[in-house]
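The task is simple: from the sequences and hints, build the whole structure.
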Amino acid sequence: MAKVKLDDSKIQKIKDICAAHGNKAGEAINILHEVQNTFGYLPAEVQELIAEQIHVSAAHIYGIVTFYSFFTMIPKGEHPISVCLGTACYVRGSEKILDEFKRQLGIGIGETTPDGKFSINCLRCVGACGLAPVALVGDKVYGRITTDQVKDIIAEYQN
Amino acid sequence: MTKFKTHILVCGGTGCTASLSDKIAKNLKDNLADKGLENEVQVILTGCFGFCEKGPIVKIMPDNTFYTEVKPEDAKEIIEEHIVKGRKVTRLLYTDPETKEHIADSKHMGFYKKQLRIALRNCGFIDPENIEEYIANDGYEALAKCLTEYTPEQVIDIIKKSGLRGRGGAGFPTGIKWEIASKNHADQKYIVCNADEGDPGAFMDRSILEGDPNSIIEAMAIGGYAIGATKGLVYIRAEYPLAIHRLEVAIKQAREYGLLGKNIFGSTFDFDIELRYGAGAFVCGEETALIHSMEGKRGEPTFKPPFPAQSGYLEKPTNVNNVETFANIPIIILKGADWFSSIGTEKSKGTKVFALAGQINNVGLIEIPMGTTLREIIYEIGGGIKNGRKFKAVQTGGPSGGCLTEKHLDVAIDYDSLMAAGSMMGSGGMVVMDETSCMVSIAKFYLDFTVEESCGKCTPCRIGNKRLYEILDKITQGKGTMEDLDNLRNLSKVIKDTALCGLGQTSPNPVLSTIDNFWDEYVEHVQEHKCRAGVCKALMKYVIDPNVCVGCTACARNCPVNAIKGERKSAHEINQDACIKCGTCIEKCKFGAISIK
Amino acid sequence: MEQMVNLTIDNKQVQVPQGTSLLKAAASIGIKIPTLCYYELKGQNIENRPGACRVCVVEVEGRRNLAPACATDVMEGMVVHTHSLRVVNARRTVVELMLSDHPASCLTCAKSGKCELQTLAQELGIRDITFKGEQSTYRKDLSPAIIRDVNKCIMCRRCETVCNKLQTVGALSAVNRGFMAVVATAFEQDLKKSPCVMCGQCVQACPVGALAEVDNTRQVINAICDPKKTVVVQTAPAVRVAIGEEFGLEPGSRVTGKMAAALRRIGFDYVFDTDFAADLTIMEEGTEMLGRIDRYMKGDKTVKLPIMTSCCPGWVNFFETYYPDMLDIPSTAKSPMQMFGAVAKSYWLEKLGIKREDMVVVSIMPCVAKKFECQRDEFKVDGNPDVDYSLTTRELAELIKQFNIDFNSLPDEDFDRPLGESTGAAVIFGATGGVIEAATRTAYEIFTGKTLEKVDFNELRGMEGVREATVDFNGTPIHIGIAHGLGNARKLLDKVKEGKEFFHAIEVMACPGGCVGGAGQPYHHGDFSKVEKRFAAIYEEDKEKPLRKSHENPYIKQLYSEYLGQPCGEKSHHLLHTHYFDKSDKVEFVKE
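Those protein sequences? They're chains A, B and C, same order as listed. Using numbering that gives the first Met the number 0, you'd call the opening residue of the first sequence number 0 and step up by one each time. Using numbering that gives the first Met the number 0, you'd call the opening residue of the second sequence number 0 and step up by one each time. Using numbering that gives the first Met the number 0, you'd call the opening residue of the third sequence number 0 and step up by one each time.
Incorrect hints may appear among the rest.
Stated by the list, open to error - Derived DSBU-like pairs: lysine-lysine, alpha-carbon spacing no greater than 35 Å straight-line:
id: 1; chain 1: C; residue 1: Lys-490; chain 2: A; residue 2: Lys-9
id: 2; chain 1: B; residue 1: Lys-296; chain 2: A; residue 2: Lys-14
id: 3; chain 1: C; residue 1: Lys-191; chain 2: C; residue 2: Lys-113
id: 4; chain 1: C; residue 1: Lys-582; chain 2: A; residue 2: Lys-23
id: 5; chain 1: B; residue 1: Lys-529; chain 2: A; residue 2: Lys-139
id: 6; chain 1: B; residue 1: Lys-580; chain 2: A; residue 2: Lys-150
id: 7; chain 1: A; residue 1: Lys-150; chain 2: B; residue 2: Lys-22
id: 8; chain 1: C; residue 1: Lys-490; chain 2: B; residue 2: Lys-296
id: 9; chain 1: A; residue 1: Lys-139; chain 2: A; residue 2: Lys-75
id: 10; chain 1: A; residue 1: Lys-23; chain 2: C; residue 2: Lys-494
id: 11; chain 1: A; residue 1: Lys-139; chain 2: B; residue 2: Lys-28
id: 12; chain 1: A; residue 1: Lys-139; chain 2: B; residue 2: Lys-589
id: 13; chain 1: C; residue 1: Lys-164; chain 2: B; residue 2: Lys-296
id: 14; chain 1: B; residue 1: Lys-87; chain 2: B; residue 2: Lys-4
id: 15; chain 1: B; residue 1: Lys-564; chain 2: B; residue 2: Lys-478
id: 16; chain 1: A; residue 1: Lys-101; chain 2: B; residue 2: Lys-389
id: 17; chain 1: B; residue 1: Lys-87; chain 2: A; residue 2: Lys-139
id: 18; chain 1: C; residue 1: Lys-139; chain 2: A; residue 2: Lys-101
id: 19; chain 1: B; residue 1: Lys-99; chain 2: B; residue 2: Lys-84
id: 20; chain 1: A; residue 1: Lys-9; chain 2: C; residue 2: Lys-139
id: 21; chain 1: C; residue 1: Lys-139; chain 2: B; residue 2: Lys-473
id: 22; chain 1: C; residue 1: Lys-542; chain 2: C; residue 2: Lys-400
id: 23; chain 1: A; residue 1: Lys-95; chain 2: B; residue 2: Lys-580
id: 24; chain 1: B; residue 1: Lys-385; chain 2: A; residue 2: Lys-95
id: 25; chain 1: B; residue 1: Lys-2; chain 2: B; residue 2: Lys-113
id: 26; chain 1: A; residue 1: Lys-150; chain 2: B; residue 2: Lys-536
id: 27; chain 1: A; residue 1: Lys-139; chain 2: B; residue 2: Lys-75
id: 28; chain 1: A; residue 1: Lys-95; chain 2: B; residue 2: Lys-529
id: 29; chain 1: A; residue 1: Lys-23; chain 2: B; residue 2: Lys-296
id: 30; chain 1: C; residue 1: Lys-556; chain 2: C; residue 2: Lys-300
id: 31; chain 1: C; residue 1: Lys-494; chain 2: B; residue 2: Lys-296
id: 32; chain 1: B; residue 1: Lys-589; chain 2: A; residue 2: Lys-101
id: 33; chain 1: B; residue 1: Lys-596; chain 2: A; residue 2: Lys-95
id: 34; chain 1: C; residue 1: Lys-31; chain 2: C; residue 2: Lys-131
id: 35; chain 1: A; residue 1: Lys-9; chain 2: C; residue 2: Lys-496
id: 36; chain 1: C; residue 1: Lys-499; chain 2: C; residue 2: Lys-303
id: 37; chain 1: C; residue 1: Lys-570; chain 2: C; residue 2: Lys-453
id: 38; chain 1: B; residue 1: Lys-261; chain 2: A; residue 2: Lys-23
id: 39; chain 1: A; residue 1: Lys-95; chain 2: B; residue 2: Lys-536
Just so you know, the hints here were simulated from the structure itself, not pulled from any lab data. What you are looking at is a predicted structure, and each value in this text was computed from that prediction instead of being measured.
Structural data, given as C-alpha cells:
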C-alpha cells in the first residue's frame, strides 16, 4: 500500500523472491532472510513491499524484523565484526576483546563506523569454543584472540 | 570405502575450519597428487572429532594415527613421512600431559578413554557430504527395518522401552511424546527437528548436523513413520551455514537414493523434509515459539495446553525433538531397546553429549554414559583446570541451569541428579570455572543473556529478569545492600512461579544456584565491596608499588588511556579517575610492580 | 451432551462444563480473579487471551508452578487456591514489576480513575514498588484523534487484537523484543502515517493510558466562555444511553433530558441534536438509494449497487484505505454530524444573522474517529470547519463535572428547536442495523406510496457480526446486508467484490454493536453486556417517540421548504454530500 521508493530492479527482485515463496505469509521469515542476503539490510520501504506482496500488514513484518536479532534495518559495515559472548568465550575474557574493538573503532555495539567500513555486533557461540575467545570478521573466524591482536586484525581490513 | 587403501580424515568442524583445516586438506591432496597417490589415498573432510582443544585434527586410517594441532604446512611431511615411508610424524602426536609420552591412537588418550560415542558415532569417521559412507556404516538400515518389519506401534514401543529422554533440556520421554502424537488423528501431521541450538557454549547439535546429517534424516523418517507424519521440518539456526549446507546436501542425496520421497523402501510410507531457518532468537528453542517462528511469525511462546502434539504447526499435530535425541534413534532401532537401556542410570538411559568449555585443559565435544561423575569429566576427560589453577564451579544447562561446586563433583550426572543439585541437563553446555571467575558476574552474564533473549510477552520475564539483572549489576558495582540479596531471591522465585514459558521459568536458576552455593561471595561484594576473583572493575584498583617500580615506562607507554604518569627511572603512578581497569599495565610490567587492590 | 467437570476452588465445590477456564469456573461461584490482559467481546467472537500479564495466576495443587486462570482449563478433581500466600505474593510482585516500568503520572493521565492497572494496584494494596530500575522510553504519538503514549504500554495486546482481529486494520503489532517489547505501528511511525482508520477501538480496549483520545475540552470551554461566539452543540443518538454510566447509573439508562439540561447549564447557546441531522441523512441517503435502485430496476447497467452507508467515519476511512476501487459505491451523503454542521453554519447562521467565524459547532459523539472527520479539508469553508470540535461521551462527562453540575439531580429538559427535533428513526442510528432500518422506513413509503404499518424491522436488528435480510417492498424484494466491526465489514465487502452475493444496500458501523459500542463511550473494560444494554435502550427510546419515520419530522419538512428545496437537489447536493479519496497510499516513507 505504500509508495515504495525503490528502483525498479530492486522492486522486481523483491517481488521475485516473494513469488518464489508463493507469496505466502507463512514464508515471511524465509523471505526476509533472502531479501536481507540480497540487500544487506531491511529498510522500511523493503518491508512495506514484502508486506504488500504476502498480504500482511507492514506492522506485522516490522514486528518480525524487530523480534529476530538476525534482521537489521541498518546497513552493516563492509567488514562486520562479531565478537562471541558465548559462555566459553566469556569466561576466557571475550568481554575485554569486545571492549578493545569498541575502543579501537570508536563505535558501540550495533554501530557502523562513519566510513562504513566496520560494524560491531555480539553473537552467542559460533561453536568454536575450543578457540575461545573468538571473533569473526565477515565469515573469517579469529580464535584465541588477545587484546593486543585486535589492532592487527583491524589493520588487515584497513585498506 | 573399499577403493582406497588409506584414508586421511581431516576435521571439518567449525573450530578446526577456523584454524584452516580446509587448507590442510587441500595441501594433503596436492602433496598426494605430487606423489601420484591420489587414487590410493583419499582425503576426507569429516565432522567434528570432539577434541577441539588440540585442533585441527588429522586422522589416518586404518592405522588410527591421530595428529593434533596440525598446520597447513605440515601436510607435506605427513604425506612424505607417514604415507610414503610409513613413519609417524612424532612431533604432531598428542603428548600425554603427565607421562610426556606421545600417543598415536586416540583410544589411549585421557580425553577419549571414558567416552562412549553413540550420538556422535559417525562424527569424524565419515564424509558427511557423501551418503554412501553413511550407508556403508549401517545407514538407513534402521529405517528399512522399521518400514519392513515393524508397525508404527512397535517402533514407538522400542523407543519407549529404550528409556530415551529428550536431549534438548527438559528430558521428556521421547517414546511417550511419539505415542501422544501418534494418537492424535489428522489429515496432516508434522515431525520437527529442533536445531535451534541457542545455548551459549553448546554446539553438539551443530556438530552432529555437520558430521552426520544423514542420521537425523533417517531418524526423522522413522519418527514420521511412527507418529504418522509425512512431512518433516528442520528448524535450524541461520548462524550455522555449514550445518545447513551439509543438511541440504544430505537431503538431496537421500532423495536421489529414494530414502526420502514416495514409497520409501517399497512401502506405502512417503516422507520428505524441508528446512526452516531461525533468525536469532533463543526463545525459539521452546517448542511453541519454534512452531510460531516456522509459521513466519514472531517467535513468542503460547501457553500449553494445547500441546503441539494436539495442535502445532499450522494447527496440526506436531512432534518436536531435538537433534541429539534424533541422533540416538537409528542405533536404538538397530541394536535394540535393551542394549540402549543397559547404558546409563536408572532413570536416564544412554549417553549425553556435552560441550566442555571454559577454564579447562581439554576443551571439546564429549559423549559420556549417563551416570559419569563431574570429577571424571573435568579431571579425566577434561584433563583438569587450565594453568594448574583451582576448580571453582561448573555451569551446566546454560541460561536455564546452575553452577555446581566442589561438593557436587562426585554426583553421577543424569537428568534427575542435576535437577536435585539445583541445575539441569539443558542441552549440554558445560562450562568449567576457576578462581578467576566471579560468581556474581557469572549470574549477571546469564541474566544479561536472558534479558536480551526474552521475547517480552509475559510480565515476569520481560520486566522481572531486567530487574534481576539490575540488582546484580548494582552488586557488582559495589552498591548492593543485604536487602537486595533478599529481593534477588524473592523475585527469582516469583519469576520461576509465574513466567509463561520454559525460558522464563528457568531464567533465575543461575541466580538462585550462585546465591545458594556462593553466598559468601555475594555478601563480600555487598559488605566488603570486594570481588575475590578480581573481575568486578568497580571494586578494584590497580596500584603501582613505588618500591618495586623501576620506571621503565612500559606501563605508561601501553596504557590505552594515558592514565599512568611518571618520570623515566622513577616510580610511576596510576591516575585512578582515568584508569579503565583494562589490565594492560599488569601484563606489560616485567617487574611485578603492579597489583590489584 | 456436555461433559461436566467437578473441581474445588477456594474450598468450594464447583461443577462446570469441560473446556471452561479456571477464570470462568471461579466467576460462576462468585470468585473474581483479577485479570489485565484478558479481554473478551462476548458474542462478537473476539478474545484476547495471550496469557501474558500473569495477574490471574492461581495455585493448582500438584502443579509445579502457578497457573494462569484465564488460560488453564478445568480438570476433574482439580484443587485450586486463588488467594494463598504464594498466589498473593506472586500477583503483587507481578503488578509491582509492571508499575516499575510504568510512568507514575497517574494524576494527570487520561485514564486516571478508569485505569485497570491503577485499580489493580489499589486492590492489591501496593504502597511501594520494591523493584526500581530502567523504564522504557518511547516518543509520544499525537495523531488527529488518538494519542499513543507507548511508555505506558503494558504489552497486554488488547489493542493489537482489536486492531487486527476485530477491525482487520493492521495498524498495530507487537514490536521489538524483551524489555523493549511494546505494541506499536510499523516502523514506530505516528498513527496518521499508518493504515489506522481512527476507529479508536484500541483506545476502548487499552486498560491503561497508553492509548487515549485527543482531549478537546479545553478548546470547547474557551469557546463557551468567549462572549463573541455563539456555541451550538449537537449530540449523537448513542450518547444519551451511555453517559449515565459516567455518573454511576446503570448501563442502558436513558438520560436524554438530563443531558440536554446539562448542556444548557454548561453554557451552550443552542442545545441541538444530531438526531435531527440523522433524519436529514435519511432524506438524502434514502433518496439516493431509491434513485439507484430505480435506475437499476430499469436496466441501467452503470448504476452502482449496493449503496453503502457513509455515516461512520471509521468506516469511511477504512474503505478509502482498503477499497479504493469501490469509492463510487458508498452513499455520497455526509454523516449526520457533518450535515448538522453544514446546516448550522448556513441555514441557522443566516437565521441568526451572524458571521460564520462567530459560530462554533461542537459535537458530542460516542466516537473517536469523529475528531478526525471534522478536521477533513472537504468539510471546511475557507479553512473554517463545519464542525469545530468533536468531544467523546467521556469528555462531555468530564465537562459536566468541571462545571459543577450534579448530573443525577438535573431535571429533564428538551432540545432547542428547530435543529433539536427528531424521530425514532434517527435515534436508532446509534445501534447496528439502525441506519438501514431508518432508511427502510422512509424508503418503503416513498417507493411503494403506501403507509408503513409496522415500523419495527426486527429482521434488521441484532448483534450478529454480519447479518443479511430481505425486506419486502410491496412485492419487490430488497436485499440488505449489515456489518458492524470492520473485520465483519471486510467479510461482507469481499463477498460483494467477488460477486458472490448481491445486495441493494449495506450498512456498516466500525464499532461492535454500532455507535453504542463506540470508542468514545464510557469504558466497558471488556464487559460487552454494557453495550448490549445501551443497544436495548436505543430501541426503547425509538418506541417512545411520537414520530418514528424521518420524513415525518416537521422541522425537516420546514428545512426543505424554506431552504434546501428537494432531497438530493442542487442545494442539498452542495451542502450535504461529499466525495471520497483513495488513501491506500497514505503510508509513505521518506527515502534515505
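Hints, one by one, checked against the model:
1. C/Lys-490 <-> A/Lys-9: 34 Å, holds
2. B/Lys-296 <-> A/Lys-14: 20 Å, holds
3. C/Lys-191 <-> C/Lys-113: Within the cut-off at roughly 26 Å; holds.
4. C/Lys-582 <-> A/Lys-23: Distance ~25 Å between C/Lys-582 and A/Lys-23 Cα, so the pair holds.
5. B/Lys-529 <-> A/Lys-139: 39 Å, violated
6. B/Lys-580 <-> A/Lys-150: 19 Å, holds
7. A/Lys-150 <-> B/Lys-22: 25 Å, holds
8. C/Lys-490 <-> B/Lys-296: 24 Å, holds
9. A/Lys-139 <-> A/Lys-75: 16 Å, holds
10. A/Lys-23 <-> C/Lys-494: 22 Å, holds
11. A/Lys-139 <-> B/Lys-28: With Cα atoms ~23 Å apart, A/Lys-139 and B/Lys-28 stay inside 35 Å; holds.
12. A/Lys-139 <-> B/Lys-589: 34 Å, holds
13. C/Lys-164 <-> B/Lys-296: 16 Å, holds
14. B/Lys-87 <-> B/Lys-4: The hint holds at about 17 Å.
15. B/Lys-564 <-> B/Lys-478: 30 Å, holds
16. A/Lys-101 <-> B/Lys-389: 32 Å, holds
17. B/Lys-87 <-> A/Lys-139: 32 Å, holds
18. C/Lys-139 <-> A/Lys-101: 32 Å, holds
19. B/Lys-99 <-> B/Lys-84: Distance of about 25 Å is within 35 Å: holds.
20. A/Lys-9 <-> C/Lys-139: 34 Å, holds
21. C/Lys-139 <-> B/Lys-473: Given that 35 Å is the threshold and the Cα spacing comes to 31 Å, the pair holds.
22. C/Lys-542 <-> C/Lys-400: Distance ~31 Å between C/Lys-542 and C/Lys-400 Cα, so the pair holds.
23. A/Lys-95 <-> B/Lys-580: 10 Å, holds
24. B/Lys-385 <-> A/Lys-95: 19 Å, holds
25. B/Lys-2 <-> B/Lys-113: 33 Å, holds
26. A/Lys-150 <-> B/Lys-536: Roughly 23 Å between the alpha carbons, so the hint for A/Lys-150 and B/Lys-536 holds.
27. A/Lys-139 <-> B/Lys-75: Roughly 25 Å separates the two Cα atoms, so the pair holds.
28. A/Lys-95 <-> B/Lys-529: It holds: about 21 Å lies between the C-alpha atoms, which stays within 35 Å.
29. A/Lys-23 <-> B/Lys-296: Holds, at roughly 12 Å.
30. C/Lys-556 <-> C/Lys-300: 33 Å, holds
31. C/Lys-494 <-> B/Lys-296: 28 Å, holds
32. B/Lys-589 <-> A/Lys-101: 28 Å, holds
33. B/Lys-596 <-> A/Lys-95: 20 Å, holds
34. C/Lys-31 <-> C/Lys-131: 29 Å, holds
35. A/Lys-9 <-> C/Lys-496: At roughly 32 Å apart (the allowed maximum being 35 Å), C/Lys-496 and A/Lys-9 satisfy the hint.
36. C/Lys-499 <-> C/Lys-303: Holds - the C-alpha atoms of C/Lys-303 and C/Lys-499 are around 16 Å apart, at most 35 Å.
37. C/Lys-570 <-> C/Lys-453: 33 Å, holds
38. B/Lys-261 <-> A/Lys-23: The given pair, whose Cα atoms are some 25 Å apart, holds under the 35 Å limit.
39. A/Lys-95 <-> B/Lys-536: The hint holds at about 12 Å.
Hint compliance for this structure: hint 5 alone is broken.
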